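In case you want the letters, here they are:
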Amino acid sequence: MGADLFSLLVQSGNSLGAQSAAMSVAGNNVANANTPGYSRQIANLAANPAVSALGAGGVGTGVSLVNITQARDQFVERQMPNALAAQSRSQTESDALSALTALNPDLSGGLPTEIGAFYSSLQTWSQNPGDPSLRQNVLGSAQALATSFNQTASAISSARTGLDAAIQGKVTEVNAAANALADLNKQIQISKSAGGESNDLLDARQTAVDNLATLTGATPYTDGAGNISMALPGGTALVVGGSAGQFSAVPDPSNDGLLKLQLNRADGSPPTDWNGSSLGGTMGGLFGARDGALKTAADSVDSLAFDMGTALNTVQQNGFDMDGNAGVAIFQLGATSSGAAAQISVNPAVAANGRLLAAATTTPAASGDNTNALAMIGTQSQALPSGSNPVATIQTIVTAFGTSSAQAQALASHDGAMASNLQTLRDSTSGVSIDEEMVNLTKAQKAYEAIAKVIATASQMMDTLMSIAGT
Amino acid sequence: MRVTSKMSFDLAQAQMMAARDRAVQAQQQVTTGMRVDHPGDDPAAAGVMVSQGIAIQRLDTIDKTTSSAQGEVQTADGALQSVSTLLAQAQQLAVQLGNDTYSAAERSAGSQEINGISSQIVQLMNTQVAGRYIFGGNSDSSPPFDASGGYSGDAAVRQIEIAPGLLQASSIRADVTMKGVGGGVDVFATLSTLSTALANNDGAGIRSAVTGISQSTDQVASALTATGGILSAFDSAQQIGSVAKDSAQKVLSAQSEADIFQATSNLTLAQQSLQASLAVTAQSFNVTLLNYLK
Numbered sequence: 001m002g003a004d005l006f007s008l009l010v011q012s013g014n015s016l017g018a019q020s021a022a023m024s025v026a027g028n029n030v031a032n033a034n035t036p037g038y039s040r041q042i043a044n045l046a047a048n049p050a051v052s053a054l055g056a057g058g059v060g061t062g063v064s065l066v067n068i069t070q071a072r073d074q075f076v077e078r079q080m081p082n083a084l085a086a087q088s089r090s091q092t093e094s095d096a097l098s099a100l101t102a103l104n105p106d107l108s109g110g111l112p113t114e115i116g117a118f119y120s121s122l123q124t125w126s127q128n129p130g131d132p133s134l135r136q137n138v139l140g141s142a143q144a145l146a147t148s149f150n151q152t153a154s155a156i157s158s159a160r161t162g163l164d165a166a167i168q169g170k171v172t173e174v175n176a177a178a179n180a181l182a183d184l185n186k187q188i189q190i191s192k193s194a195g196g197e198s199n200d201l202l203d204a205r206q207t208a209v210d211n212l213a214t215l216t217g218a219t220p221y222t223d224g225a226g227n228i229s230m231a232l233p234g235g236t237a238l239v240v241g242g243s244a245g246q247f248s249a250v251p252d253p254s255n256d257g258l259l260k261l262q263l264n265r266a267d268g269s270p271p272t273d274w275n276g277s278s279l280g281g282t283m284g285g286l287f288g289a290r291d292g293a294l295k296t297a298a299d300s301v302d303s304l305a306f307d308m309g310t311a312l313n314t315v316q317q318n319g320f321d322m323d324g325n326a327g328v329a330i331f332q333l334g335a336t337s338s339g340a341a342a343q344i345s346v347n348p349a350v351a352a353n354g355r356l357l358a359a360a361t362t363t364p365a366a367s368g369d370n371t372n373a374l375a376m377i378g379t380q381s382q383a384l385p386s387g388s389n390p391v392a393t394i395q396t397i398v399t400a401f402g403t404s405s406a407q408a409q410a411l412a413s414h415d416g417a418m419a420s421n422l423q424t425l426r427d428s429t430s431g432v433s434i435d436e437e438m439v440n441l442t443k444a445q446k447a448y449e450a451i452a453k454v455i456a457t458a459s460q461m462m463d464t465l466m467s468i469a470g471t
Numbered sequence: 001m002r003v004t005s006k007m008s009f010d011l012a013q014a015q016m017m018a019a020r021d022r023a024v025q026a027q028q029q030v031t032t033g034m035r036v037d038h039p040g041d042d043p044a045a046a047g048v049m050v051s052q053g054i055a056i057q058r059l060d061t062i063d064k065t066t067s068s069a070q071g072e073v074q075t076a077d078g079a080l081q082s083v084s085t086l087l088a089q090a091q092q093l094a095v096q097l098g099n100d101t102y103s104a105a106e107r108s109a110g111s112q113e114i115n116g117i118s119s120q121i122v123q124l125m126n127t128q129v130a131g132r133y134i135f136g137g138n139s140d141s142s143p144p145f146d147a148s149g150g151y152s153g154d155a156a157v158r159q160i161e162i163a164p165g166l167l168q169a170s171s172i173r174a175d176v177t178m179k180g181v182g183g184g185v186d187v188f189a190t191l192s193t194l195s196t197a198l199a200n201n202d203g204a205g206i207r208s209a210v211t212g213i214s215q216s217t218d219q220v221a222s223a224l225t226a227t228g229g230i231l232s233a234f235d236s237a238q239q240i241g242s243v244a245k246d247s248a249q250k251v252l253s254a255q256s257e258a259d260i261f262q263a264t265s266n267l268t269l270a271q272q273s274l275q276a277s278l279a280v281t282a283q284s285f286n287v288t289l290l291n292y293l294k
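Listed in order, the protein sequences are those of chains A and B. Take 1 as the starting number for the first sequence in the working numbering and just add one per residue. Take 1 as the starting number for the second sequence in the working numbering and just add one per residue.
These are calculated hints, taken from the structure and not from any lab test. Certain hints may be false.
25 Å max Cα-Cα, derived SDA-like pairs, lysine to any residue [stated by the list, open to error]:
no., chain 1, residue 1, chain 2, residue 2
1, B, Lys6, A, Ala71
2, B, Lys245, A, Ala392
3, B, Lys6, A, Ser420
4, B, Lys6, A, Thr424
5, B, Lys6, A, Leu422
6, A, Lys295, A, Thr147
7, B, Lys64, A, Ala117
8, B, Lys64, A, Ser108
9, B, Lys6, A, Asn44
10, B, Lys250, A, Val391
11, B, Lys6, A, Ile42
12, A, Lys186, A, Leu201
13, A, Lys443, B, Thr288
14, A, Lys260, A, Thr236
15, A, Lys446, B, Val287
16, B, Lys64, A, Gln143
17, A, Lys453, A, Leu5
18, B, Lys6, A, Glu436
19, B, Lys6, A, Asn32
20, B, Lys6, A, Met438
21, B, Lys6, A, Arg78
22, B, Lys6, A, Glu77
23, B, Lys6, B, Asp21
24, B, Lys245, A, Ser388
25, A, Lys446, B, Asp21
26, B, Lys250, A, Ala392
27, B, Lys250, A, Ser157
28, B, Lys6, A, Thr429
29, B, Lys64, A, Ser133
Quick caveat, the model's predicted, so the values are computed rather than measured.
With the sequences and hints as input, model every part of the structure.
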C-alpha cells in the first residue's frame, strides 16, 4: 500500500475502528466500575508499521488495536486467597464464640451464681440443721444448681449443632465453588485454543479462586497448561485443572453425632475422612469453634458436674439423716463424666423429703448435729479430681472460654485489616477510576473526530481529483 | 496510590460501619454500666467476677449465720446471768438459815423457796431460740432438763463457720456447767440436798450445802466467761468479714464496672465521629468528573 489517497482513506477507516474500540473498552470499564472482582481493561493501541513511500523514507499507516489487557497486580493477587481465608476463619470462629452467652459471669441462673447460692444454702442450714425450712432451702438450691448445669450444657450443645447446620450449608457452597472453578479452567482452555484470552473469564476464575480460598483455606497454584488448581491445607488437591473434588458431611458417632467431612478426591481415588479443623477459611473457622473452645467448655462443664456431684454425694453418704439412717445420694449422675452436666438431677427421694439430708456424723442423729453439713461446706475448698476446687474450676472454665473468644476476636481484627489492605491495593491497580475513564473516553472521542476530519479532507481531495477528469 | 471509585466507596462504607460499631458499644457500656458482659470482653476480669462474686456471696451468708448464732449465744448468756442471780439468792438463804436460831417452820419455808429457785433454773436451762433448745448440745429439739434437773441432752459443742474455713464453737456444755461432768458438782443435786436439809431442819446439812452452792456459782461464772469469749470471737469475725467483703466488692467493681465518665466521653466521641464520617461520605460521592463534563 502506498501513501496515496485511497490508502489514506482505508487506513483512517481502520484507525477509526481502533479509536471506537478504545471507547468501547472505556465504556465497559465504566459499566463495570462496581463489579466485584473486575479488573479494568486497557485498550493497547499501537502505530501500524511504516511503509516506504516515494523513496523518501517510511510513512506511518495509522493505528490499530493490538490487544486488550487487564491491569492486574500478580503480587497482590497471589496473596489475596490466603488473606481472605485467614480473615474468614478467624471471623467465623470469633462470631461463633461471641454468640455463646451461657458462660457470662453475671448471668442470672448461670453456673457461677448457682454454685455460690448452693453453698450459701448449705451455710445457712449448718447453723440450724434441724429446721425443715432450711432443709427445703438446700433442696431448692440443689435443684437450681442441677438446672443450671443442664441449661449450660444445653446452650453449648445448641451452639455446636447450630455450627453443624452452617457446616452442612457450607459443604454445598464449597462443592459448587470447586465445580465452578474446574468449569472455568475448562472454558479458558477452550477460549485460548480458539485464540486469545477472555478477560471476563479470567476475572471470573480469579473470583472463584478467592471464593474457594475464603471457604476452605485452599491455596492456588498455576500448572504448566495455565490452569489454576487449588490444594487444601496439607497438600491434597481439591481442584485439578478441569476436575473438582467434592466434600460430603456425615454424622460422626465418636463426636456426639456431630458432622465430620469426607472428601471424594479430584483424581478419582476413594473417599476419605477429612479433618475439618485442618481446613482454613470459613469451614476451618466453623470446625475450629465447634471442636475447639466449645468442646473444651462442654467437657469441662461435664467434669465439674460429675466431680462436684460425686464429692457432695460422698459426704452425704458418710453421714446420717434426721432418722438416723445413712445418707443417700443427693444428686443423680451417670457412670462417667461424659454428658454429666445434661443428666445431673436431684434424687427424687431426697427432693421429696428434706429429712434425708445427712447433717450428722453419728447415729442416732441428734437434730442439732451439723458436723456433716460442715463437711459438705468444706467441699467448696477441696480439690476435685480435675485439680482445683469447685469455685476455682468454674472460674477457670469462664476464663479459658473468654481467652479463646478474645484471641479469636483479636485475630479477626488483625486478619480483617490485612485483607482490607490487600483489597485496597488490588483496587488501586485493578479498579476503575471513573474520572480516568471519562478522560479516556473523551480522548478517544476527540481522536475519532480528528480522524473523521482527516477522512473528510481526504475525501474532498479525491473529489477535487475526480473533478479534474471532467465529464 | 491510584484511587478508584469502588475503592473510595468501599472505604467510606467500611469506616461508617466501624464508626457505628464503636457508637453502639459505647452506648451499651453507658446504659448497662458494665464493662464486661461476655467472657471474651476481658477474660481475666470475667474470672475475677466469678471468684469475687462467689466470695462475696459466701461472706454475706457467713455474716448472716454468725448473726443468728450470736443471737443464740446472747440469749444463753442472759439465761446464765439469771441462773447466777438465783444461785446467789440460794447462797444467801443457805447462809442465813444455816444459823440455828431459825425455826423449823422458817427453814421449811426456805425449803419451798429453794425448790422454787431450782425449778426456775430448770426453766432457764430449757431456753429456746427460734424453736431450738440452746442448752442441749446437739439435741436441740426437746427440752434437755427435766423437772428434777435430769439431763437428756448430749456432750457436743456446736460449731459454725465464722470465716471461710474457720470454725468457732457456738454453744456451751450445759452438762459440765450444771451437772458437774468432768469433775464439778451437780447444781440441781446440790439444791435438792439443801432443800431436803431445810425441810428436815438439819442445821449441819444446811451449812455443808453452802460449799456446793459456792462451787455451782463458780461453774456458772466459768460458763459466762465462755459465752463472753464466744461473743467476742463473733464480733471480731464480723468486723473482719465486713472488711473482707468491702475489699472483694472493690476488686469486683474495678474489674467489671465501666468507668461512667470514660464511657460517656467515648459515646460522645463515637457519635461525633459517626456524624463526621457520614457528612464526608456524602460529600465525596458528589465529586467526580461527571459533574463537570458537558
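Comparing the hints with the structure gives:
1. Taking the CA atoms of B/Lys6 and A/Ala71, the gap is near 15 Å; set against the 25 Å cutoff, the hint holds.
2. Distance check on the hinted pair: B/Lys245 and A/Ala392 sit about 18 Å apart at the alpha-carbon level, within 25 Å; holds.
3. For the hint linking B/Lys6 to A/Ser420, the alpha-carbon distance of about 13 Å falls within 25 Å, and the restraint holds.
4. A threshold of 25 Å between alpha carbons decides the hint, and for B/Lys6 with A/Thr424 the separation of about 10 Å falls inside it, so the pair holds.
5. Among the hinted pairs, B/Lys6 with A/Leu422 is consistent with the structure: their alpha-carbon atoms are about 14 Å apart, no more than 25 Å.
6. Restraint check for A/Lys295 and A/Thr147: the C-alpha separation of about 20 Å stays at or below 25 Å, so the hint holds.
7. Between the alpha carbons of B/Lys64 and A/Ala117 the distance comes to roughly 14 Å, so the proposed pair stays at or under 25 Å and holds.
8. Taken as a hint, the B/Lys64 and A/Ser108 pair is honoured in the structure, with Cα atoms around 22 Å apart against an allowance of 25 Å.
9. Between B/Lys6 and A/Asn44 the CA atoms are separated by roughly 24 Å; this keeps the pair inside 25 Å, and the hint holds.
10. Taking the CA atoms of B/Lys250 and A/Val391, the gap is about 19 Å. The hint holds against a cut of 25 Å.
11. Distance check on the hinted pair: B/Lys6 and A/Ile42 sit about 18 Å apart at the alpha-carbon level, within 25 Å; holds.
12. Of the supplied pair hints, the one linking A/Lys186 and A/Leu201 holds, its CA atoms being roughly 10 Å apart against a limit of 25 Å.
13. For the given pair, A/Lys443 sits about 17 Å from B/Thr288 by alpha-carbon distance, which is consistent with the 25 Å threshold.
14. Only pairs whose Cα atoms come within 25 Å are accepted, and A/Lys260 paired with A/Thr236 is accepted, the gap being roughly 18 Å.
15. Our distance criterion of 25 Å between C-alpha atoms is met by A/Lys446 and B/Val287, whose separation comes to about 24 Å.
16. In summary, the hint linking B/Lys64 to A/Gln143 is supported, as the alpha carbons are separated by about 23 Å, within the 25 Å threshold.
17. The straight-line distance between the Cα atoms of A/Lys453 and A/Leu5 is roughly 14 Å, inside the 25 Å bound, and the hint therefore holds.
18. Proximity of B/Lys6 to A/Glu436 is assessed by CA-CA distance (about 13 Å); at most 25 Å being required, the pair is judged to hold.
19. About 10 Å separates the Cα atoms of B/Lys6 and A/Asn32, which keeps this hinted pair within 25 Å; it holds.
20. Pair hint B/Lys6 plus A/Met438 holds up; C-alpha atoms about 15 Å apart against a cutoff of 25 Å.
21. Among the hinted pairs, B/Lys6 with A/Arg78 is consistent with the structure: their alpha-carbon atoms are about 21 Å apart, no more than 25 Å.
22. Taking the CA atoms of B/Lys6 and A/Glu77, the gap is near 17 Å; set against the 25 Å cutoff, the hint holds.
23. Between the alpha carbons of B/Lys6 and B/Asp21 the distance comes to roughly 22 Å, so the proposed pair stays at or under 25 Å and holds.
24. Simply put, B/Lys245 and A/Ser388 have alpha-carbon atoms about 23 Å apart, close enough for the 25 Å limit, and the pair holds.
25. The hinted pair formed by A/Lys446 and B/Asp21 fails the criterion: a straight-line CA distance of about 48 Å is larger than 25 Å.
26. For the suggested pair B/Lys250 and A/Ala392, the alpha carbons sit about 20 Å apart, so the restraint of at most 25 Å is met.
27. Only pairs whose Cα atoms come within 25 Å are accepted, and B/Lys250 paired with A/Ser157 is rejected, the gap being roughly 36 Å.
28. A distance of roughly 12 Å separates the Cα atoms of B/Lys6 and A/Thr429; the hinted pair therefore holds under the 25 Å criterion.
29. A hinted pair counts as satisfied when its Cα atoms are at most 25 Å apart, and B/Lys64 with A/Ser133 qualifies at roughly 16 Å.
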